[in-house]
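Listed here are the chains, written in short residue letters.
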Amino acid sequence: MNKILFGRYIPLDSFVHRMDPRSKLILSFLYVIVIFFANNWWIYLLMAVVAFVSILASKINFKLFVDGVMPLLWIIAFTMVIQILFGTGGQTYWHWGIFSITSVGILNAAYIFVRFTLIILISTLLTLSTSPIQISDALESLLMPLRKIHFPVYEVALMLSIALRFVPSLMDETETIMNAQRARGVDFGTGNIIQRLKKIIPILIPLFVSAFNRAEDLATAMEARGYRGGAGRTKYRLLKWETRDTLATLVYSLMAIGVFALRLL
Amino acid sequence: MNEMIKVSHLTYAYTQNSQPALDDVSFTISSGDWVAIVGHNGSGKSTLAQALDGLIDFKLGNIWVDGTKLTEQSVWTVRSNIGMIFQNPDNQFVGATVEDDVAFGLENMAVPHDEMQARVDEALSEVHMSDFRRKQPEQLSGGQKQRVALAGVIAMQPKIIILDEATSMLDPVGRREILGVIRKLKKRLGITVLSITHEIDETTDADKIIVLNDGKIVSTGAPETIYSHSGLLLKLGLDVPYSQRLKRELTQRHIKTPETYFDEEGMVDWLWQSLLKK
Ligand SMILES: Nc1ncnc2c1ncn2[C@@H]1O[C@H](COP(=O)(O)OP(=O)(O)OP(=O)(O)O)[C@@H](O)[C@H]1O
Ligand SMILES: [Mg+2]
Chain A
1 MNKILFGRYI PLDSFVHRMD PRSKLILSFL YVIVIFFANN WWIYLLMAVV AFVSILASKI
61 NFKLFVDGVM PLLWIIAFTM VIQILFGTGG QTYWHWGIFS ITSVGILNAA YIFVRFTLII
121 LISTLLTLST SPIQISDALE SLLMPLRKIH FPVYEVALML SIALRFVPSL MDETETIMNA
181 QRARGVDFGT GNIIQRLKKI IPILIPLFVS AFNRAEDLAT AMEARGYRGG AGRTKYRLLK
241 WETRDTLATL VYSLMAIGVF ALRLL
Chain B
1 MNEMIKVSHL TYAYTQNSQP ALDDVSFTIS SGDWVAIVGH NGSGKSTLAQ ALDGLIDFKL
61 GNIWVDGTKL TEQSVWTVRS NIGMIFQNPD NQFVGATVED DVAFGLENMA VPHDEMQARV
121 DEALSEVHMS DFRRKQPEQL SGGQKQRVAL AGVIAMQPKI IILDEATSML DPVGRREILG
181 VIRKLKKRLG ITVLSITHEI DETTDADKII VLNDGKIVST GAPETIYSHS GLLLKLGLDV
241 PYSQRLKREL TQRHIKTPET YFDEEGMVDW LWQSLLKK
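First to last, the protein sequences are chains A and B.
Just so you know, the first sequence maps onto residues 1 to 265 in the UniProt record's numbering.
Just so you know, the second sequence maps onto residues 1 to 278 in the UniProt record's numbering.
One or more hints might be untrue.
Quick look at which bits of chain B chain A covers, simulated, 3 or more residues with Cβ under 8 angstroms [claimed, not checked]:
#1 110-121
#2 204-216
Capping the alpha-carbon separation at 25 angstroms, the derived lysine-lysine pairs in PhoX-like fashion look like this [as the list claims (entries may be wrong)]:
#3 Lys235/B - Lys256/B
#4 Lys208/B - Lys235/B
#5 Lys235/B - Lys184/B
#6 Lys186/B - Lys256/B
#7 Lys186/B - Lys208/B
#8 Lys186/B - Lys69/B
#9 Lys59/B - Lys240/A
#10 Lys235/A - Lys135/B
#11 Lys135/B - Lys59/A
Derived from the structure by calculation, the hints contain no laboratory data.
Keep in mind that this is a model prediction, so the values were computed, not measured.
For glycine and all other residues, C-beta sits at the position ideal for the given N, C-alpha and C.
The shape of chain A in the complex, shown without the other chains (with noise of 0.2 angstroms):
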């Protein structure tokens, strides 16, 4: 779980790393919807060069783009069974019952192979090439507008933020209760689902302990510092819209414009 969700951001200095988190998180959104809307095999070969592009841009590891597929292929591979045996059209390669191989079957499950792989290269991107507190910031910024309607868009920024920084101390934490109740004798590999799910509780109730103290000495220490809510403070870390973002973000667009004109073959 440590590997796929967290402590995941390389730290390189590259195009895409400068750019401004918020356009890295629009522009992904927006290859995620547009993907859906692809049809054929030249939509998928645009938007896998697009994807490509992007990646290089990046100078991150190739490697860590296949890690980051590695561990949905299960999924993916689920999905593209279910995809082959219940998918109708086309030519019928085989029946039985309600399961039928067809050829329509089979392109569907193609396309969600490519389209699952594209998805999680896309957003692998983002987070590898943006930290957890830049998309925090950038979150903060893009829901502003809310703010029209009372919702607390500074408090839930720095909750995010505080959440995210104390993830690996909690996981820390959990590491060093699990090891104070193995010592104590707790076999935690054994037993049956009941059983193990009854040794967990010995683990959470420190750490609930131990959070909520966290919790109150880290509220104090916020308040010692002079933080009275969000309204009124300034910001440390700015935001910056700047040339690449606009270029990004013009390739974008092209793509999407693309895959518009590509569907009408």
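Please build the complex by placing chain B with the ligands on the supplied structure of chain A, with the hints as guidance.
Frame of chain A; chain B with the ligands shown alone:
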């Protein structure tokens, strides 16, 4: 010398407890002084520090900080004059990276961006952490995190620094680094330092020591005076510094010892030298 902190008849009890955590505490601290507050666990040291920073709401007694009386209205002004560093390095690191954390207090004070940048840079170089500015807290040792906390305090340019057992979770090297930086700051900027500790070894920098027991001040005075009442300290579960004890033992054996204070290492050097001279 004007009064930087004045506490008069401060009494405070946590709602759950019948025993007050602070019981009729009065003292003054002159501007530019280093004052150590010692006492065993639960003697009320942290409660006192939090009261000074307006972090607990006391009803009995008064506190003045730099001439301003601490009230609900003045609490933010008072707080901007006080920089606090707490015991646990992990639980006071708010930012995602070192520089973000140092900037946190400045963001709260709505300091303009350019000035913020300059003050963060300066504070980080003061604690020798400039090379770590983009590091995340998990990549730092406890001592480094405390130095970041100190940089956060320095950036706010307070008149008073309060250390609430800020070095108790550090190894001797980390402890010495933090105290070294604070000593330099105090010398250069005349900052008033209040260090809370139950390591009597840490009080040797102090101009004055306040001994707290069960919420009451039991003794106040210069370190030498306090150390000479070793009976009292022992009774309170504290102990005089090792080097002080060594000196006393030597004096009892009619060996002349240096007048100025030496830490353990200093005493070792002095012993080597006096042996060589013989
Ligand atoms: N949040 C709290 N709620 C209730 N009682 C508290 C709270 N914090 C402290 N106390 C009590 O108040 C008294 C003084 O505690 P305080 O934390 O000020 O002591 P301390 O001298 O800082 O101790 P230590 O050396 O352990 O840090 C203790 O008896 C303690 O149990
Ligand atoms: Mg304490």
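Each hint tested on the structure:
1. Chain A is given as covering the region 110-121 of chain B, and this holds because 7 residues of the stretch bring a CB closer than 8 angstroms to a CB of that chain, at least three being needed.
2. For the region 204-216 of chain B, the assignment as covered by chain A is violated, since 0 residues bring a beta-carbon within under 8 angstroms of that chain's beta-carbons and 3 are needed.
3. Proximity of Lys235/B to Lys256/B is assessed by CA-CA distance (about 29 angstroms); at most 25 angstroms being required, the pair is judged violated.
4. Of the supplied pair hints, the one linking Lys208/B and Lys235/B holds, its CA atoms being roughly 20 angstroms apart against a limit of 25 angstroms.
5. Among the hinted pairs, Lys235/B with Lys184/B is inconsistent with the structure: their alpha-carbon atoms are about 34 angstroms apart, more than 25 angstroms.
6. Note on Lys186/B and Lys256/B: the hinted pairing is violated, with a Cα-Cα distance of about 32 angstroms set against a maximum of 25 angstroms.
7. With a C-alpha separation of about 15 angstroms, the suggested pair Lys186/B and Lys208/B falls inside the 25 angstroms cut-off, and the hint holds.
8. Distance restraint check for Lys186/B and Lys69/B: the Cα-Cα separation of roughly 24 angstroms lies within the 25 angstroms cut-off, and the hinted pair is therefore satisfied.
9. Simply put, Lys59/B and Lys240/A have alpha-carbon atoms about 48 angstroms apart, too far for the 25 angstroms limit, and the pair is violated.
10. Restraint check for Lys235/A and Lys135/B: satisfied, since their Cα atoms lie roughly 19 angstroms apart, inside the 25 angstroms limit.
11. About 21 angstroms separates the Cα atoms of Lys135/B and Lys59/A, which keeps this hinted pair within 25 angstroms; it holds.
Hints 2, 3, 5, 6 and 9, counting from the list given before, are not met by this structure.
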